[in-house]
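S.K.: Throw the hints in and build the complete structure from the sequences for me.
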Amino acid sequence: MTHVHEIDQQLEMAPAPELSFLRKYVFSTDHKVIGKQFLFSSLIFFMFGGLLALLMRTQLAWPWQEIPILGKYIYGSTGNILAPEGYPALVTMHGTIMIFFFIIPVLSGAFGNFLIPLMIGARDMAFPRLNMLSYWFMVPAFLVMLAGFFVEGGTAAAGWTSYVPLSALSDMIPGSGLGQTLWIISLVLVGTSSTMGAINYITTIVMMRAEGMHMFRLPMTLWALFITAILVLLATPVLTSALLLLLFDRTIGTSFFLPEGGGNPLMWQHLFWFYSHPAVYIMILPAMGMASDMISCFSRKPLFGYKPMVYSIMAIAGLGFIVWGHHMFQSGMNPVLGITFMTSTMMIALPSAIKTFNWLATLWQGQIQLTAPMLNALAFVSTFVIGGLSGVFAAATPVDIFLHDTFWIVGHIHYVLFGGSLFGVFGAVQYWFPKMFGRMMSESWGKVHFVLTFVTFNLVFFPMFLLGANGMPRRIADPYNYTYLQNLQGLNQFMTISAYVLALAQVVLIANFFVSLFRGQRAVDNPWNANTLEWATTSPPPLENFHKVPMVYRGPYEYSSPQAEEDWLPQNRELLPAPAD
Amino acid sequence: MGGLIPGASTFAGPIDSLFMIVLVVTGVAFVLVEGVLVYFLVRYRHREGGKATYTHGNRRVELAWTIVPGLMLFWLAVYQYNTWINAKIFLPGSSEALTVDVSANQFEWQVTYPGPDGLLDSPDDIKAPINLLHFPVDRPVIIRLTSVDVLHSFFIPALRVKQDAVPGRQVTFWFEAIEPGEYELACAELCGLGHYRMRGQVTLESQAEFDAWLADVAARSQ
Numbered sequence: 000m001t002h003v004h005e006i007d008q009q010l011e012m013a014p015a016p017e018l019s020f021l022r023k024y025v026f027s028t029d030h031k032v033i034g035k036q037f038l039f040s041s042l043i044f045f046m047f048g049g050l051l052a053l054l055m056r057t058q059l060a061w062p063w064q065e066i067p068i069l070g071k072y073i074y075g076s077t078g079n080i081l082a083p084e085g086y087p088a089l090v091t092m093h094g095t096i097m098i099f100f101f102i103i104p105v106l107s108g109a110f111g112n113f114l115i116p117l118m119i120g121a122r123d124m125a126f127p128r129l130n131m132l133s134y135w136f137m138v139p140a141f142l143v144m145l146a147g148f149f150v151e152g153g154t155a156a157a158g159w160t161s162y163v164p165l166s167a168l169s170d171m172i173p174g175s176g177l178g179q180t181l182w183i184i185s186l187v188l189v190g191t192s193s194t195m196g197a198i199n200y201i202t203t204i205v206m207m208r209a210e211g212m213h214m215f216r217l218p219m220t221l222w223a224l225f226i227t228a229i230l231v232l233l234a235t236p237v238l239t240s241a242l243l244l245l246l247f248d249r250t251i252g253t254s255f256f257l258p259e260g261g262g263n264p265l266m267w268q269h270l271f272w273f274y275s276h277p278a279v280y281i282m283i284l285p286a287m288g289m290a291s292d293m294i295s296c297f298s299r300k301p302l303f304g305y306k307p308m309v310y311s312i313m314a315i316a317g318l319g320f321i322v323w324g325h326h327m328f329q330s331g332m333n334p335v336l337g338i339t340f341m342t343s344t345m346m347i348a349l350p351s352a353i354k355t356f357n358w359l360a361t362l363w364q365g366q367i368q369l370t371a372p373m374l375n376a377l378a379f380v381s382t383f384v385i386g387g388l389s390g391v392f393a394a395a396t397p398v399d400i401f402l403h404d405t406f407w408i409v410g411h412i413h414y415v416l417f418g419g420s421l422f423g424v425f426g427a428v429q430y431w432f433p434k435m436f437g438r439m440m441s442e443s444w445g446k447v448h449f450v451l452t453f454v455t456f457n458l459v460f461f462p463m464f465l466l467g468a469n470g471m472p473r474r475i476a477d478p479y480n481y482t483y484l485q486n487l488q489g490l491n492q493f494m495t496i497s498a499y500v501l502a503l504a505q506v507v508l509i510a511n512f513f514v515s516l517f518r519g520q521r522a523v524d525n526p527w528n529a530n531t532l533e534w535a536t537t538s539p540p541p542l543e544n545f546h547k548v549p550m551v552y553r554g555p556y557e558y559s560s561p562q563a564e565e566d567w568l569p570q571n572r573e574l575l576p577a578p579a580d
Numbered sequence: 000m001g002g003l004i005p006g007a008s009t010f011a012g013p014i015d016s017l018f019m020i021v022l023v024v025t026g027v028a029f030v031l032v033e034g035v036l037v038y039f040l041v042r043y044r045h046r047e048g049g050k051a052t053y054t055h056g057n058r059r060v061e062l063a064w065t066i067v068p069g070l071m072l073f074w075l076a077v078y079q080y081n082t083w084i085n086a087k088i089f090l091p092g093s094s095e096a097l098t099v100d101v102s103a104n105q106f107e108w109q110v111t112y113p114g115p116d117g118l119l120d121s122p123d124d125i126k127a128p129i130n131l132l133h134f135p136v137d138r139p140v141i142i143r144l145t146s147v148d149v150l151h152s153f154f155i156p157a158l159r160v161k162q163d164a165v166p167g168r169q170v171t172f173w174f175e176a177i178e179p180g181e182y183e184l185a186c187a188e189l190c191g192l193g194h195y196r197m198r199g200q201v202t203l204e205s206q207a208e209f210d211a212w213l214a215d216v217a218a219r220s221q
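Taken in order, these protein sequences are the chains called A and B.
At position 26 of the first sequence the residue is numbered 25 (numbering that gives the first Met the number 0), and the sequence of numbers has no breaks.
At position 5 of the second sequence the residue is numbered 4 (numbering that gives the first Met the number 0), and the sequence of numbers has no breaks.
Please keep in mind that the hints were generated in silico from the structure rather than gathered at the bench.
Ideal placement from N, C-alpha and C gives every residue a C-beta, glycine not left out.
Among these hints, one or two may not hold up.
Unchecked claim - Subject to a maximum C-alpha distance of 30 Å in a straight line, what follows is the list of computed DSSO-like cross-link-like pairs (lysine-lysine):
| no. | chain 1 | residue 1 | chain 2 | residue 2 |
| --- | --- | --- | --- | --- |
| 1 | A | K35 | A | K547 |
| 2 | A | K547 | A | K23 |
| 3 | A | K547 | A | K71 |
| 4 | A | K446 | B | K126 |
| 5 | B | K50 | A | K306 |
| 6 | A | K35 | A | K23 |
Said to hold, decoys possible - Reference listing, derived: stretches of chain A covered by chain B, where coverage requires no fewer than 3 residues with Cβ under 8 Å from a Cβ of chain B:
| no. | segment |
| --- | --- |
| 7 | 145-152 |
| 8 | 263-273 |
| 9 | 378-390 |
M.R.: This is the structure in structure tokens:
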């Protein structure tokens, strides 16, 4: 701890050297810049992934129809309409891009990077150059993944899950040629980037907290990012290994997964899901942490059950490693595992339920301010609940016999990922925008975006449970080939039109973001009267984050404390005893 | 309605009631949680001069909402065991059941029935026309499922059966149809560009009608 103060004094004495444009904004080692780099790239990929979803929805509403005006630009190479192998490719790239190039980078890469040093009172990450490298491993990953759109056979088309043998044998679907190889290489690069980030976050949080910042004074955002980083560190190597084994099966004649050579296709599924199940918690935990901080702040009340909340995150992460088989109930694996994985999967609902009750209890008897960030945080809670409850049906193994690989699952995942993580991101962007950019976003346009998004989101995704209950499988380019699904076309069309409106609603957020970047009202240090350390410095912070490294005296949730006259009490404010009379 | 599409096998009753039970439990949870959420947002809206209650938590309440849902979830899991075991671990005896081979490939289903000797893997086996599946009602049917190329999945929604077809492995499962009629078989695992059209026509009929159909198929293939 004294070591930090010594370094502090040296900084106070020496002025920082002036950096070139490249070193300042492109190859920066400043966590705030790197966080913003992750933010901007993620948002670009979000838009691209969203566009792919709109193309999928268009096909499901009007299969094989030419799209007016745009059709010849999008599907020019296949006669202006979607080719049969095109739908699996769309499905694959939508999932891959949203998961690996949007949600994980925006939560961990953007908010993790920007917030961790600020919230612990540090001047930067433990390893600034490793941090820069972690972003710059993403850039070739982007390029390699996008290259798939331009090679012969097109992009990978075996699903984001890349099940073998479809993904291993290049003659099984056009995308399993060069496109699949590029997909594999891209994800190896992404995994490397994530792992570098995880090492940095864990080290920084453990070693560089300001004096007084005990672990149980960390805001939930940081507990969530910390545990997420541990998940990334432990799980990602398994995916990377599986990807390499798949690459070898595809290129140098091995048979890890291919039956002809004695391999087992189910082995791919086990290795893939051993990572990908913890991955879904990597995709939700940071949003849960941020929602906790926003809900507490805008209720003007301490977070209810701080320690149970922390332990619940640990339980979700721990249990998250022993549920992966619930993706494989019908796979042909030993059905006795259906019993064990069902039991662990039912139990993992418990810590999420505990968190939900604690969020409600935080609102109870609060002074709730329905700001744009708060509305999005509340939308996170309400839609995450639907997502979680719908998962209980799939966890019920006999019921899963019917629901597996139907649209029930698509509805479930989008309620937890879009409803959960994405509303969390919308809230977080609007909450921390003032700190990142020194300006306020428009509160009224934020509310317009919220209402449009919340309504149309439910109109698009809730009917998916009906589609699933009617037995509509996933990844089917033309469901109406089946007589029993023909009556669902009307519902699919309704969902597609709602999806168009949902997409247009995002233009409101994007416009709000960019206009505010240049013309937003200048932000004060602490526009929300929040308690955590990032609000104890300027908006935006100086290069060294804090002119003077803060001292921490209390936890992050001292809202409406009897010790303070205002309804907030920052972590770094020293309360002096009243002078003796 | 309010549940799954009409069922045609002995699995449908148990599976559909489990769906209903989960629906009731999650439905109650949904109404309670969302209701409380909306109520709190209205009741505890920020008011000028209002003060929030300063509390960090309550141990008793935490224990209650940990133990009660925990027990409920555990019970919900255990309650499902028998139906799963019956569907996927248990197999009826081969003497009373009809055992057939189903082989999946891009993008069609091939059923092989035992011939007059009543055994599979013998020279008198009868291959059905592609994508045509007939099964007798009121008699267990055992399916030996495999794939010759990539993963597929044998999904007959009305029968509440779904089983992935894995190349290099034979997976065995069973069902007993109870409701005669015409149904469809869908592939439920992405298998290539023709995945959407890997459709089978399923006929459930009496044993006599089934025997007649099978004899007809055998005769045509001579």
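S.K.: Next, verify each hint and record whether it holds.
M.R.: Taking the hints in turn, this is what the structure says about them:
1. K35/A <-> K547/A: holds, 24 Å
2. K547/A <-> K23/A: With a Cα-Cα distance of about 22 Å, the restraint between K547/A and K23/A holds, given a limit of 30 Å.
3. K547/A <-> K71/A: Not satisfied, since the Cα-Cα distance of roughly 59 Å exceeds 30 Å.
4. K446/A <-> K126/B: Judged against 30 Å, a Cα distance of about 63 Å means the pair is violated.
5. K50/B <-> K306/A: Holds, at about 24 Å.
6. K35/A <-> K23/A: Holds, because 12 Å separates the two Cα atoms, which is no more than 30 Å.
7. 145-152: Answer violated; 0 residues pass the 8 Å Cβ test.
8. 263-273: Check passed, 3 qualifying residues.
9. 378-390: holds (count 6)
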